[in-house]
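If you read the protein sequences in the order shown, they are chains A and B. Counting with my numbering, you get residues 1273 to 1384 for the letters of the first sequence. Counting with my numbering, you get residues 1025 to 1132 for the letters of the second sequence.
What the hints contain is simulated information worked out from the structure, not anything from laboratory work. Please note that the accuracy of each hint is not assured.
Distance condition first, Cα-Cα at most 25 Å in a straight line; then the derived PhoX-like pairs of lysine-lysine [claimed, not checked]:
(1) Lys-1079/B to Lys-1124/B
(2) Lys-1025/B to Lys-1079/B
(3) Lys-1124/B to Lys-1092/B
(4) Lys-1078/B to Lys-1092/B
(5) Lys-1124/B to Lys-1329/A
(6) Lys-1329/A to Lys-1079/B
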Amino acid sequence: KAGVTQTPRYLIKTRGQQVTLSCSPISGHRSVSWYQQTPGQGLQFLFEYFSETQRNKGNFPGRFSGRQFSNSRSEMNVSTLELGDSALYLCASSLVDNYEQYFGPGTRLTVT
Amino acid sequence: KNEVEQSPQNLTAQEGEFITINCSYSVGISALHWLQQHPGGGIVSLFMLSSGKKKHGRLIATINIQEKHSSLHITASHPRDSAVYICAVGGGADGLTFGKGTHLIIQP
């Protein structure tokens, strides 16, 4: 069974631009969570989607948004990029309400 | 909001040593996770625990629900065990809350 895939793997953007990251969960997994990892703050929960609905969101500004499609694939979007948005963005998928999560390889975003 | 504390933050040991990493959390949980992250960023889930003890190869994870404490043990450590080990709690719709991680280096 294929694992969680994320595209792109690396991205360089300029302050003020916007970016869209994509995550394809393991087949059959309908819950997708997104996380941000920075050296200063460590790993932090961004949001979780199930059945195209955002069920929860972490403590991030409205510039961070996401969505989930009917095939469970998910995207996250960051608008008006700031230098502090430079991070590794990870998504994880799970069977619904099964707490075990399977992580993708991450997208490393650099904002210059 | 759950607070997750890990210790030690950094650990260097010799090959073959028995390794223990500790994790404590502040609020009752449905599940606790031990994760491994290698340089390059990929995260692998090692264990998910809600009670008792689990073993996989040379890795053992235990949890004490009453004391809100979990430990990850590595027996007969090997240089390939060098990685960051992360304790996390929760999951499901609430996502995971993470500890800051333990940087483990096993020297040959």
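Structure-based check of each hint:
no.	hint	result
1	Lys-1079/B to Lys-1124/B	holds, 23 Å
2	Lys-1025/B to Lys-1079/B	violated, 29 Å
3	Lys-1124/B to Lys-1092/B	holds, 17 Å
4	Lys-1078/B to Lys-1092/B	holds, 17 Å
5	Lys-1124/B to Lys-1329/A	holds, 20 Å
6	Lys-1329/A to Lys-1079/B	violated, 33 Å
The structure fails hints 2 and 6 (numbered hints given earlier, in ascending order).
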